[in-house]
Amino acid sequence: MRRRLHHVAVLGVVALLLGVRPAPAQDGLTIWSEFVRLVRTDGLTLDRIRPVAPMTAESQLALLKDFAKGTDWREWEATPEVVRHGNLLTFVATLGRSRNSPWAYTFNFEIDNGRWYYRFLEGIVIRLDKLPSLPVDASGLADLPEDRKAWMREETYWSEQVRLFNFLTREKGKDLAFRWVGEGIGNGAGYVLAASVWIPFYPPRQAFILFLCWEQAKLHGNNVTLEKLDDDQAVVRLEDLQYFALYQRASHLKQQISFEDYIRIFETIWQERARAAGWKLMVDGQGRRIFLRFSK
Numbered sequence: 000m001r002r003r004l005h006h007v008a009v010l011g012v013v014a015l016l017l018g019v020r021p022a023p024a025q026d027g028l029t030i031w032s033e034f035v036r037l038v039r040t041d042g043l044t045l046d047r048i049r050p051v052a053p054m055t056a057e058s059q060l061a062l063l064k065d066f067a068k069g070t071d072w073r074e075w076e077a078t079p080e081v082v083r084h085g086n087l088l089t090f091v092a093t094l095g096r097s098r099n100s101p102w103a104y105t106f107n108f109e110i111d112n113g114r115w116y117y118r119f120l121e122g123i124v125i126r127l128d129k130l131p132s133l134p135v136d137a138s139g140l141a142d143l144p145e146d147r148k149a150w151m152r153e154e155t156y157w158s159e160q161v162r163l164f165n166f167l168t169r170e171k172g173k174d175l176a177f178r179w180v181g182e183g184i185g186n187g188a189g190y191v192l193a194a195s196v197w198i199p200f201y202p203p204r205q206a207f208i209l210f211l212c213w214e215q216a217k218l219h220g221n222n223v224t225l226e227k228l229d230d231d232q233a234v235v236r237l238e239d240l241q242y243f244a245l246y247q248r249a250s251h252l253k254q255q256i257s258f259e260d261y262i263r264i265f266e267t268i269w270q271e272r273a274r275a276a277g278w279k280l281m282v283d284g285q286g287r288r289i290f291l292r293f294s295k
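Residue 0 is where the sequence shown starts when you use numbering that gives the first Met the number 0, and the numbers rise one by one after that.
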């Protein structure tokens, strides 16, 4: 999805230079209604999909079908916001209210010789379609809530790491790739050093646990609870960890790495960091609630 965000950013820059205008309401809503009907009846075919490279029509159709499972179609039938720039047409629709998790999505299309083609669905919407006259101070551009920016940072970072892991696996084998995960991403010595100097009030082993909690909560936006910390044991509870949520929601990750290897990456990183701090670690759970149990 990192590459997808890159292409969206490029389109956004073009929009800044050339201007974005609302689509004619009747044309846009007619297209939206037809699209919703095709999705609802499983009638959307590959020849009506022109995804952004390196996406494929097959992957985008599969993603759309999975996304629509169990949906409340009344939300899709509500009137979306319509934005058009040249032959590019975007619908901004808020879905998920019936599940108490409303989220604004963009459904993106290309118009070619009067015929629409579906491009992609995205859950990050950077509203650069409405701008004052240029020049524009970029610090004043439309912002996003902090939780969404944290999500974008995590998605970008882990997409890069998975890409590197796959490259090393192809070139040098999986054993070396996991060595890189531990020594490179995990960087146990560096992580423990950071904890020791940034939290100088405690011995390194305790500082490591406190830094883990602070870093995961404050820098990565995760739900973290420190349940126990003494000289011999520590327990950290992680809930709805973004690392695993990414695998479920970012479709490109499922296509690039197995869930087993994705889990092993997580465990390898934290085993290396715990080892460097003088702890033994047991990772308990792999669902919405994970416990990191440290012992001497």
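Hints are computed from structural coordinates only; laboratory data are not their basis. Check each hint, because a few of them may be wrong.
[Claimed, not checked] When the alpha-carbon atoms are kept at most 30 Å apart in a straight line, the in silico DSS-like pairs for lysine-lysine are as follows:
| # | residue 1 | residue 2 |
| --- | --- | --- |
| 1 | K68 | K171 |
| 2 | K68 | K279 |
| 3 | K253 | K217 |
| 4 | K217 | K279 |
| 5 | K171 | K227 |
| 6 | K217 | K227 |
| 7 | K148 | K253 |
| 8 | K171 | K279 |
| 9 | K129 | K148 |
| 10 | K64 | K253 |
| 11 | K64 | K171 |
| 12 | K171 | K295 |
[Said to hold, decoys possible] Quick list of the computed label-pair ranges, beta carbon to beta carbon:
| # | residue 1 | residue 2 | range |
| --- | --- | --- | --- |
| 13 | A149 | P101 | 11 to 21 Å |
| 14 | A61 | R288 | 46 to 56 Å |
| 15 | G286 | K217 | 18 to 28 Å |
| 16 | I262 | E80 | 13 to 23 Å |
All C-beta atoms, glycine included, are put in the ideal place defined by N, C-alpha and C.
Right, here's what the structure says about each hint:
no. : hint                      : in the structure
1   : K68 <-> K171              : violated, 40 Å
2   : K68 <-> K279              : violated, 42 Å
3   : K253 <-> K217             : holds, 27 Å
4   : K217 <-> K279             : holds, 25 Å
5   : K171 <-> K227             : violated, 40 Å
6   : K217 <-> K227             : holds, 19 Å
7   : K148 <-> K253             : holds, 22 Å
8   : K171 <-> K279             : holds, 29 Å
9   : K129 <-> K148             : holds, 20 Å
10  : K64 <-> K253              : holds, 15 Å
11  : K64 <-> K171              : violated, 37 Å
12  : K171 <-> K295             : violated, 34 Å
13  : A149 <-> P101: 11 to 21 Å : holds, 19 Å
14  : A61 <-> R288: 46 to 56 Å  : violated, 29 Å
15  : G286 <-> K217: 18 to 28 Å : holds, 24 Å
16  : I262 <-> E80: 13 to 23 Å  : violated, 39 Å
Hint check: violations occur at hints 1, 2, 5, 11, 12, 14 and 16; the rest are consistent with the structure.
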